[in-house]
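Participant: So the protein lines, in turn, are chains A and B.
Start counting the first sequence at 0; every next residue gets the next number (numbering that gives the first Met the number 0).
Start counting the second sequence at 0; every next residue gets the next number (numbering that gives the first Met the number 0).
Hints are supplied without guarantee of correctness; some may be wrong.
[Claimed, not checked] Footprint (simulated), chain A over chain B, 3 or more residues, beta carbon under 8 Å:
hint: 1; segment: 221–233
hint: 2; segment: 379–393
hint: 3; segment: 666–676
hint: 4; segment: 688–694
[Claimed, not checked] Label-pair ranges, simulated between beta-carbon atoms:
hint: 5; chain 1: A; residue 1: Glu457; chain 2: B; residue 2: Asp159; range: 47 to 55 Å
hint: 6; chain 1: A; residue 1: Asp159; chain 2: B; residue 2: Glu712; range: 27 to 35 Å
hint: 7; chain 1: B; residue 1: Asn429; chain 2: A; residue 2: Gly448; range: 51 to 59 Å
Hint data in this document are derived by calculation from the structure and do not stem from the laboratory.
Being a predicted model, the structure only gives us computed values, none of them experimental.
Virtual Cβ for every residue (Gly too), placed ideally from N, Cα, C.
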Amino acid sequence: MVTARITVNGKEAPIAPAAPHTTVLDFLRERGLTGTKEGCAEGECGACSVLVARPGVNKPTDWVPVNACLVPVAALDGQEVVTSEGLATVEAPGTPPVLHPVQEEMAVRGGSQCGYCTPGFVCSMAAEYYRPDRCAHADAGAGAEATGGAGASGTGDGGDAEHGPNGFDLHALSGNLCRCTGYRPIRDAAFAVGTPTDDDPLARRREQDPPAPVATEYRQDDRAFLRRSTLAETLRLLRERPDAVVVAGSTDWGVEVNIRSRRADCVVAVDRLPELRELRVESDHVEIGAALTLTEIERRLDGSVPLLAQLFPQFASRLIRNGATLGGNLGTGSPIGDSPPVLLALEASLVLADADGEREVPLAEYFTGYRQSVRRPGELIRAVRVPLPLTPVTAFHKIAKRRFDDISSVAVAFALDVEDGTVRKARIGLGGVAATPVRALATEAALEGRPWTSGTAEAAAEVLRGEGTPMSDHRASAGYRAAMLGQSLLKLYAQTTEAVPS
Amino acid sequence: MSHLSERPEKPVVGVSMPHESAVQHVTGTALYTDDLVQRTKDVLHAYPVQVMKARGRVAAIRTGAALAVPGVVRVLTGADVPGVNDAGMKHDEPLFPDEVMFHGHAVAWVLGETLEAARIGAAAVEVDLEELPSLITLQDAIAADSYHGARPVMTHGDVDAGFADSVHVFTGEFQFSGQEHFYLETHAALAQVDENGQVFIQSSTQHPSETQEIVSHVLGVPAHEVTVQCLRMGGGFGGKEMQPHGFAAVAALGAKLTGRPVRFRLNRTQDLTMSGKRHGFHATWRIGFDAEGRIQALDATLTADGGWSLDLSEPVLARALCHIDNTYWIPNARVAGRIAKTNTVSNTAFRGFGGPQGMLVIEDILGRCAPQLGLDAKELRERNFYRPGQGQTTPYGQPVTQAERIAAVWQQVQDNGHVADREREIAAFNAAHPHTKRALAVTGVKFGISFNLTAFNQGGALVLIYKDGSVLINHGGTEMGQGLHTKMLQVAATTLGIPLHKVRLAPTRTDKVPNTSATAASSGADLNGGAVKNACEQLRERLLQVAASQLGANASDVRIVEGVARALGSDRELAWDDLVRTAYFQRVQLSAAGYYRTEGLHWDAQTFRGSPFKYFAVGAAATEVEVDGFTGAYRIRRVDIVHDVGDSLSPMIDIGQVEGGFVQGAGWLTLEDLRWDTGDGPNRGRLLTQAASTYKLPSFSEMPEEFHVTLLENATEEGAVFGSKAVGEPPLMLAFSVREALRQAAAAFGPRGTAVELASPATPEAVYWAIESARQGGTAGKGRARGEAVADGGVRTGVEALSGA
């Protein structure tokens, strides 16, 4: 077995003697790359954001920012990482660095105050800078210039509050928190960055193939981090090690390690298995590989499943979506995951695989209790199937305190078929109202076969208010949760029927 | 113009420039305390043993199992303390407590070769606890009559006569949440001992001198054996004014006992569960207005949630009382304050230091009462402003100088924001949209600058000029992102008359400048700027003498501008480097200690009267929000601010402070939600929102979609360095405009003139309940108003208690 190695800022280094649970963050800091910071250790603040070379959507390679605090360094065996230190160029020791264009914009526009979150912002911003399909508007530049200087800032020409005239999507920074600036100068910096030059080494790196996945057998003391090359090998391994923790992007397991100090004897990575990374559109369904990241699904579907397109921008942050997978979100079985309500409304099913073969389970029959499911030890979610044709009227309503990167108090997904003013079919998925994600079956019955009128909507909203058993906690009161169930249907009715939407 | 405020020719102050460490920030090369660990050999890691009960007596601590964990080197307990077992200045904060006073209280610390070993060791320490009854909420404490510290009462005028003269009298109750600092860099320190046993501590602290003082008394050594350095902080916001000391003392004690460097860094969970926060408050109030809506009398009691120890609660409460007037003339007032003692973390300084809490009470009162007075809230606020030239004083007796600026920023922000036009647009929008409402609110700020305690209003500096003409400055202030060091470089370059690149700044250390005050109360630039300027003036005077003899002129006719000395009316020049070298050979001292004390302050904490503030900083904000009637969710559409920073020392820095303060204030008032387990179960007293995933800070989605900040022009402040004013805290309170806009938008779902109560923080849920209340006719519509018979035949209405957050 080849020694586990990682390339950081162009230099290759062995991963040993790091422990198998050691995060990329701690590994980098122990190597003296202390620009990468720990702010929360749970993927919420982005101070640890670093760039990883990953298979690209539009080019062979994308520079993908991830939370270094969540990913075990062993998961990046054979991979390439760039940190804030690596973005600047130092031409000779002791001379001032030549700043990367995003660093330059952040520095001159007052994008840093205490500076602690800044390296993370710089990495997230650099990834968006290198996104190949970031398109500048015709009048790029003018808007950004106008917003600089005296602290006056609108959104400039050619963009909106969340999209710059240079095509910069502010959601790229949704997983980065700053406690000092109030964000305006950071937005100005983001909306001012130009386009990479032809000789930019990171831009050129995109044209080459990404680092190939490598099988990893990383052991220290009695603990192991393992990665196999094929699904079959992985399933055999899971049969031998039913105690293994299966990880893809580690966005959930990383929190367990950091916050709850959990340590696993055996962690098995599945995120690079080709069999789990396919996306196929068949005649009667779309099959989405369980280990595709949410970002990859979002970009590759490109709006073709509208309900999923509504979900993605509201699902955690870009940094998390760059690691998180549908397999992970369903595998953990959390009642407040955001994908289950949507997939329930879409009547999705799961393809479960073990060493003996595969079976398909409707998602509505998958969850059996709090973080429990019909998935057996040694069984993996290989893919999610969304049946076609899609139901025409869909909406995803996420109720949370914060619009970017928050956990749902309640989530409601609707898929309605309204024909000639009558509800032919209604599928409603709910999150946050019971021990598992659930279908709102009584509400569906209260809608189906009835005219799509305010009377029907109000009556069904009353039923929806009574679905599930919402609790009071630090996110919301039970009363608010119940109220929001009903309100979500009234809002959907208003949005689908009123000339003035709201 | 005063000597202090006067600017020379071509000053470097007033030039817009980025933070002095911006390049290091963006390249990740700026060093913070915990980054030093990788550069230090043989470091031990300290990990706290937290007891997860709200209160109990520690009967025994057994460390055997912990010491058996491989890599565990030592367990620190109270028996190890050679000096005073106390982490605070009030002697009510044992570093190693015998009694657990809040859920998560650390009773011992484990030192390990690795952080992992120390963590496992801490989990293995056995603590026998005899549980005791606990008080978690402010209501618990008030009901149990559990208070500590001072009980000040501020009285002014004749309150009874004021109410007798009132046509409208309202009463109410209001409880609002505190706030977690959530500096991105958690508490950290690294302690080392040298060959003489002296301790050197690198600490993320806003108050190195006090860190030094507490480490000294814990170790039982004089202060000159302890040196504290702060490179920079990854945010402070007041959370590192008082709280770092005990943690630093643990590291110092560990280093002293083992002879090895000891590092501690709280992880986020520990930081959230162990360190103090902004005080939540409870207020009861009664207010009287005349027929035109002018305040006649205010009677209020403010109760601060102090947590388990006093910490800075007394001065926080004092500042709250001193800011309940905000921009409003209250001729007759009686405001009492008290500090509840609860079994939660010890609440502490947080940007504004009680000021925001005092002001929130009066702004909430005006926002609630305006519809019941039949007045637009903006009109009600404006009618009650302090007026210039009428000899008005604050309720604590300080004359309100520059009162004209209150109205000036108020008018200017409405002009800049086209408020009148937009109010018409909003009315039209609301008429056309049944499910979405917009509102625009304007609120103002008047914030007193100086520490209430007069003695703290002093600063020191040490300025060194080397033979080659390069200059190194030290001062007593710490850098936490607020740009103090940038401003100090500008002050030094301006005073000496040299280009900025000639000046460097060394990290803050107690062996360079002693007995410093906390970098707090927005006073960093005022105090340290005065001291840096003073040191540079001493040096400049010496150098002018040298230049005069070289240039054949009188020293009073020589100016140093942009690094060149010239005599008035002469072409002869002497470059700075040559001047310095000449001075060296003439044996002129090229270093100077600078000192500054704020003149004209006095304060009597017993009578609660005096003039504690050098001046007031003022500002106004106009905020427009849009609220979704289905859910209560909202967006901040546009914010305009006009703020008074005097003549800015560094405009980009100041605008950054205004914007950042505003968004942080908006976070406190709308989003950030501290929740404790208040039940009687096994987790009683546990902080429920103890992570970034549950305690949500403002993110990009909360920044105003349009954000326009303007600094008030021609605003020279005679009493501060180069005519500037302090900026750190006051803008936070401009965020009241967000809360009031949300209240007005919620009210817009009800009939015209609906009065609405709004919980704080005004989360989407809180706004939703306010909307529901408005739809049912608001406070009055629910039949909760009380009519009171009044002597003159008028009608008094009452507003019932708001249940609170």
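Participant: Against this structure, judge whether each hint is valid.
Facilitator: To see whether the hints hold, each was checked on the structure:
Counting residues of the segment 221–233 of chain B whose CB lies closer than 8 Å to any CB of chain A gives 3, so the stated coverage by that chain holds, three being the minimum. Here the segment 379–393 of chain B counts 0 residues with a CB under 8 Å from a CB of chain A, which misses the bar of 3, and the coverage is violated. Remark: the segment 666–676 of chain B is confirmed as covered by chain A, as 3 of its residues place a Cβ nearer than 8 Å to a Cβ of that chain, reaching the required three. Restraint check on the segment 688–694 of chain B versus chain A: 5 residues with Cβ-Cβ distances below 8 Å, three needed, restraint holds.
Checked against the given bound of 47 to 55 Å, the beta carbons of A:Glu457 and B:Asp159, roughly 54 Å apart, stay inside it. A C-beta distance of roughly 31 Å is found between A:Asp159 and B:Glu712, which places it inside the suggested range of 27 to 35 Å. With their beta carbons about 37 Å apart, B:Asn429 and A:Gly448 fall outside the hinted range of 51 to 59 Å.
The structure shown violates the earlier hints numbered 2 and 7.
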